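Quick mapping for you: the protein sequence lines, in order, are chains U and C. The letter at position 204 of the first sequence is residue 204 when you use this note's numbering, and the numbering goes up by one with no holes. The letter at position 260 of the second sequence is residue 260 when you use this note's numbering, and the numbering goes up by one with no holes.
It should be emphasised that the hints constitute simulated quantities derived from the structure, not laboratory data. All of these numbers come straight from a predicted model, not from anything done at the bench.
Identical copies carry no separate label here, and so any pair may be met within one copy or between two of them.
List of simulated lysine-lysine pairs, DSBU-like, C-alpha gap at most 35 Å:
{"hint": "1", "residue 1": "K218", "residue 2": "K237"}
{"hint": "2", "residue 1": "K218", "residue 2": "K116"}
{"hint": "3", "residue 1": "K217", "residue 2": "K28"}
{"hint": "4", "residue 1": "K267", "residue 2": "K149"}
{"hint": "5", "residue 1": "K159", "residue 2": "K259"}
{"hint": "6", "residue 1": "K117", "residue 2": "K218"}
{"hint": "7", "residue 1": "K217", "residue 2": "K116"}
{"hint": "8", "residue 1": "K217", "residue 2": "K82"}
{"hint": "9", "residue 1": "K159", "residue 2": "K149"}
{"hint": "10", "residue 1": "K218", "residue 2": "K82"}
{"hint": "11", "residue 1": "K237", "residue 2": "K149"}
{"hint": "12", "residue 1": "K218", "residue 2": "K123"}
{"hint": "13", "residue 1": "K237", "residue 2": "K117"}
{"hint": "14", "residue 1": "K123", "residue 2": "K159"}
{"hint": "15", "residue 1": "K41", "residue 2": "K85"}
{"hint": "16", "residue 1": "K259", "residue 2": "K149"}
{"hint": "17", "residue 1": "K317", "residue 2": "K44"}
{"hint": "18", "residue 1": "K117", "residue 2": "K259"}
Protein chains: 2
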Amino acid sequence: MEMSTFVYKSWHYNDNKQDQMATLIAAKDSSSIEDAETIKKACKGFGTDETALISILAHRNVAQRKLVRLAYEEIYHEDLIKQLKSELSGSFGRAMCNWMIDPAERDAAFINEALKKATPDYKVIIEIACTTTSEELLALKRSYQFLFKHCLEEDVASKTIGDIRRLLVAVISTYRYDGDDIDESMAHLEANILHQVIENMAFNDDEIIRILSTRSKKQLCATFSTFRNIYGTTITKGLLASPNDEYMTVLCSAIRCIKNPQRYLAKVISHSLDEVVAEEHALSRVIITRAEKDLNEIKDLYFKRNSVTLDNSLAKKTSGNYMTFLLTLLGNN
Amino acid sequence: MEMSTFVYKSWHYNDNKQDQMATLIAAKDSSSIEDAETIKKACKGFGTDETALISILAHRNVAQRKLVRLAYEEIYHEDLIKQLKSELSGSFGRAMCNWMIDPAERDAAFINEALKKATPDYKVIIEIACTTTSEELLALKRSYQFLFKHCLEEDVASKTIGDIRRLLVAVISTYRYDGDDIDESMAHLEANILHQVIENMAFNDDEIIRILSTRSKKQLCATFSTFRNIYGTTITKGLLASPNDEYMTVLCSAIRCIKNPQRYLAKVISHSLDEVVAEEHALSRVIITRAEKDLNEIKDLYFKRNSVTLDNSLAKKTSGNYMTFLLTLLGNN
Chain U
1 MEMSTFVYKS WHYNDNKQDQ MATLIAAKDS SSIEDAETIK KACKGFGTDE TALISILAHR
61 NVAQRKLVRL AYEEIYHEDL IKQLKSELSG SFGRAMCNWM IDPAERDAAF INEALKKATP
121 DYKVIIEIAC TTTSEELLAL KRSYQFLFKH CLEEDVASKT IGDIRRLLVA VISTYRYDGD
181 DIDESMAHLE ANILHQVIEN MAFNDDEIIR ILSTRSKKQL CATFSTFRNI YGTTITKGLL
241 ASPNDEYMTV LCSAIRCIKN PQRYLAKVIS HSLDEVVAEE HALSRVIITR AEKDLNEIKD
301 LYFKRNSVTL DNSLAKKTSG NYMTFLLTLL GNN
Chain C
1 MEMSTFVYKS WHYNDNKQDQ MATLIAAKDS SSIEDAETIK KACKGFGTDE TALISILAHR
61 NVAQRKLVRL AYEEIYHEDL IKQLKSELSG SFGRAMCNWM IDPAERDAAF INEALKKATP
121 DYKVIIEIAC TTTSEELLAL KRSYQFLFKH CLEEDVASKT IGDIRRLLVA VISTYRYDGD
181 DIDESMAHLE ANILHQVIEN MAFNDDEIIR ILSTRSKKQL CATFSTFRNI YGTTITKGLL
241 ASPNDEYMTV LCSAIRCIKN PQRYLAKVIS HSLDEVVAEE HALSRVIITR AEKDLNEIKD
301 LYFKRNSVTL DNSLAKKTSG NYMTFLLTLL GNN
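Chain U extracted, bound-state conformation:
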């Protein structure tokens, strides 16, 4: 429990801007005891009242959900997540459990799962490592050790190889500076280094990994826009002009995540709703991880990209409780 306190604190909102970008409509005043009782009732006997679960839990923010879990444990001496796991199944069950778990533990589990695949899902690792803040990534690392008795770095390093390993390990390791200070002359200098790397087609160069993995995100954004000002093209375009291998894809994902996480995530959602791909895990991962952060902005970018609202696309491709749950998290009442 000691760890969770830390985690929760670090995930707490700290500005109004974030609230405006969130899609979650959290209840203004909810009682965790009443919530726990209603949930218990919804789970009683044969069958489960999924609608009741959605109407409560899809309207609770991270602090409220934590309190509901504590109240449930207190009153019924049962772990709410375990209860939900035994009651619910399929995509809906999975999404609801991920919604209820502490965010840092959830993200640690996402990465662990990505690492367990025959070919690790590098993009999930990059997505989580590059769209979280330094404090969130640290909380994730604490949770990872708590859950898996290993450090995140050793598992990523031992399950990957070559250039991808160098890039991934560097990106997940660094405790980046999160402050506002930017060094314009360094942005200039490092834009030139990156240009040189691209010119020489030395894409696995130590320098590109060093810059991407250690500089603050604000500094990197300054470097990226300096690059565009000087060379009239974006770094990712420069990189993608080259032969397309797996390392390059991971590298470009990292750059896009850092440059504009919302746009990157809108792309991930679009891809997940694609006729051919239909990646349910990615769909709920992005909605669950961002509903309290910036999902409104991601929705806007989704619309700009696809000329159809995310709600509409989602309603077409999903159904039942799973659909209702995700649409509720997207701000539909």
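Given the coordinates of chain U, work out where chain C should sit on it, guided by the hints.
Relative to the frame of chain U, chain C by itself:
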């Protein structure tokens, strides 16, 4: 101040064993207000009563020193460290200020200083990164960002090159698992990998850096002793049979720090007191950083190594307030 609270907590002793290994004789009951007043008196007018300063401050533990600073600030609206800096000079002034600064800030400053040299002092970076716990290293990183508006990783990465950079960045980045769980079969497997690397003379191999920088220290100690059991020699001997370059020295330092930090630090002190080298910075660095931790054990190892007590060697090589201060930290009244 918020940060300092965190730092202080993470440096707090958590077992009696550590207290027994410490040399510091801290006052059982001291009043931070009285201390502040006595210090003010010692600093008044021309000259400074260094003996009074030593007799108080060299008998205060990290928590007590923090309270003295707070009391001094409260009563005199002056930062005690600034005051000490203006009163004291030379080796003694430097040592006293380092003793009074918050440990995480002090270690962050040591690394920053090591990086500023024309050729960075790699060994200081390795010493600090490999002899601190994960939580201490994290506190150091927070302090580093707070002091220098950069993250530790970016400064180390931008001021070093080649294999040394790969090793240093990896070692300082990882938030290592600090738990007790050891995997014996992995120790066996990785002892074999390390042996292979040594056989092939591929000392800058990704694998050696991966293993050293990401595994927990307990796991690494298991791997090192498995290595010795199977191959009848230590890893460092295996490595040093090869041509001696700077990277190899840094690599061996890292291994020695992880294997037995006290023995490594006893060696650093011996070296610092050497007729030829006489490295005052290293001498006070080790005494100041370990006086509250395990300096007793380091003293024993020093004696085993040199057949003369550290107190005697130190008294021969140093003098004045500097000597008195260090001898007091070494447990002399």
